[in-house]
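Make a model of the complete structure from these sequences and hints.
Residues are numbered in the numbering used here as their position in the sequence shown, beginning at 1, plus a constant of 1.
Read the hints as simulated data drawn from the structure, not as lab findings.
Please note that the accuracy of each hint is not assured.
For each label pair, taking beta carbons as the anchor points, the in silico distance ranges come out as [what the hints assert, rightly or not]: (1) 169 / 345: 43 to 49 Å; (2) 366 / 78: 30 to 36 Å; (3) 57 / 347: 36 to 42 Å; (4) 91 / 139: 29 to 35 Å; (5) 165 / 124: 30 to 36 Å; (6) 90 / 348: 38 to 44 Å; (7) 174 / 33: 29 to 35 Å; (8) 165 / 347: 47 to 53 Å; (9) 120 / 154: 29 to 35 Å; (10) 57 / 291: 34 to 40 Å; (11) 57 / 175: 52 to 58 Å; (12) 50 / 202: 24 to 30 Å; (13) 281 / 167: 40 to 46 Å; (14) 75 / 176: 50 to 56 Å.
Below, simulated BS3-like cross-link-like pairs (lysine-lysine); rule was C-alpha separation at most 25 Å, straight line [claimed, not checked]: (15) 195 / 165; (16) 195 / 168; (17) 195 / 159.
Every residue gets a Cβ at the ideal spot worked out from N, C-alpha and C, and that includes glycine.
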Amino acid sequence: MSGITFAEAQGPRAAQEGQRKRVLHLVGSRQDEFYHDLSVLYARACDACQDLDRERFEFLFAVVHMNGTWSFPSGLDDKSLAAAKRVPFAAAIAQIGIMAPDVMVPHMFCVEGMTRFRSLFDLLDIPFLGNHEYTVWPATDKATTKQLLDACGVRVPKGNLLVKGQKEWPSSVRVPLVVKPCNEDNSRGITLVKREEDLAAAIEYAFSFDPRVVVDEYIAGREVRAACVEEADGTLTVLPKIEYFLTDIRTSAHKLATDQSGKLKSDAIQAAKKDGDRQCPADLSPVLHERINAMVKEAHRVLKCRHYSLYDLRIDADEQPYILEAALFCSFSPLSVIPSMAQHAGREDLKHPNFFHSLLERAAAEKPSRTAVVASGAGALANAPTSDTLAELTRTVSDGNSTKSEPSVGSESA
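Next comes the structure, spelled out in structure tokens:
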């Protein structure tokens, strides 16, 4: 198939069904149950939106399971997820070729899902929404994010990086301080330490999540989230900001509700929100608005973000903002932060799902042309897997540790 991209190999489907763009929701995680369930939770919320334009877009699903297998359910309800056959990685790639998505929406929130799986779709010439892996890699590490922003004049809290077995105690910051793992999101492993005698336990707790831990000075004051989005012409627009009304810091309990066993509830996103705990648009002074706007736009450029970026900030008593971390993901559901902010922007084109639709169109336009398939490639394609032959080259995986050598279909929806 010399000279032919994976995307070009999908030409026949596009020629027959060019009236609707195929959107593949990438869901799941190989890391642990928390990130797997979180991904399903957000993807369900995205697909459940009644205002999605299903005449312009056909929505498909690919789920990555904790044992490394994939499935292609017809929907994200429990019954559809359970019924979908699981196939090994090679067969999943073949199935994606048959499905021929025009664009992928990433819903994987673990580090691998935010990086390596996005790289996979880059290699397959299938465009996706949001930031590329070369942006997400440094941004998933809070210490690296701080170094990049600080070097470019974007204000961040002072702090120390601890590394398990090398440096396990802060040298330049004192209580009160915030201890958090470098590579965790949703405030997992975070502790506000107000007394010196509590610091050792907080560091040990953070190390249980990650061998790299950030210890930052605590910025007393207000907490704000700010996001900017890219317009079609490449200019940046800062969305209305959210202020959270807190006693001190946001913890995982402020973001996602769990049951007594720690498992995410089915309504984990909604249940974590309390009346009066936030305000959008935030009531900030004109000076503070301008400072935050300039800061997040510069951070967007420094981190080489694409389509959108989101930041957690603290505001001190002098109205000086500090970026705590970058959150470079969005599942584009009505419950997601960026769509929630955009609802207050006073622009129909930014309201959900209009902005989501526009990003799907923009990203899909990046896909290589399928018309360049040459004769030599066509010959090679004659032997490519089809929906009829896929069942013969895949295996159904009965559980995470054993497999059965019996044929199966790769998708309930293809």
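Comparing the hints with the structure gives:
With their beta carbons about 44 Å apart, residue 169 and residue 345 fall inside the hinted range of 43 to 49 Å. In this structure, residue 366 and residue 78 meet the distance hint of 30 to 36 Å, their C-beta atoms being roughly 32 Å apart. Here the CB-CB span from residue 57 to residue 347 is close to 25 Å, at odds with the stated 36 to 42 Å. Range check, residue 91 to residue 139: about 31 Å between beta-carbon atoms, so the 29 to 35 Å window is met.
Roughly 33 Å separates the CB atoms of residue 165 and residue 124, a value that falls within the hinted 30 to 36 Å. For the hinted restraint 38 to 44 Å between residue 90 and residue 348, the CB-CB distance of approximately 42 Å keeps it satisfied. The hinted range of 29 to 35 Å is satisfied by residue 174 and residue 33, whose Cβ atoms lie roughly 30 Å apart. About 48 Å separates the C-beta atoms of residue 165 and residue 347, a value consistent with the hinted range of 47 to 53 Å.
Separation of residue 120 from residue 154 is about 30 Å and conforms to the stated range, judged on CB atoms against 29 to 35 Å. Taking 34 to 40 Å as the suggested C-beta distance range, the pair residue 57 and residue 291 conforms, at roughly 38 Å. Checked against the given bound of 52 to 58 Å, the beta carbons of residue 57 and residue 175, roughly 56 Å apart, stay inside it. For residue 50 and residue 202, the Cβ-Cβ distance of about 42 Å falls outside the hinted range of 24 to 30 Å, so the restraint is violated.
Between residue 281 and residue 167 the Cβ separation comes to about 42 Å, which falls inside the hinted range of 40 to 46 Å. At roughly 53 Å, the beta carbons of residue 75 and residue 176 sit within the given window of 50 to 56 Å. At roughly 23 Å between alpha-carbon atoms, residue 195 and residue 165 fall within 25 Å of each other, so this suggested pair holds. The hinted pair formed by residue 195 and residue 168 meets the criterion: a straight-line CA distance of about 21 Å does not exceed 25 Å.
With a C-alpha separation of about 16 Å, the suggested pair residue 195 and residue 159 falls inside the 25 Å cut-off, and the hint holds.
Hint check: violations occur at hints 3, 12; the rest are consistent with the structure.
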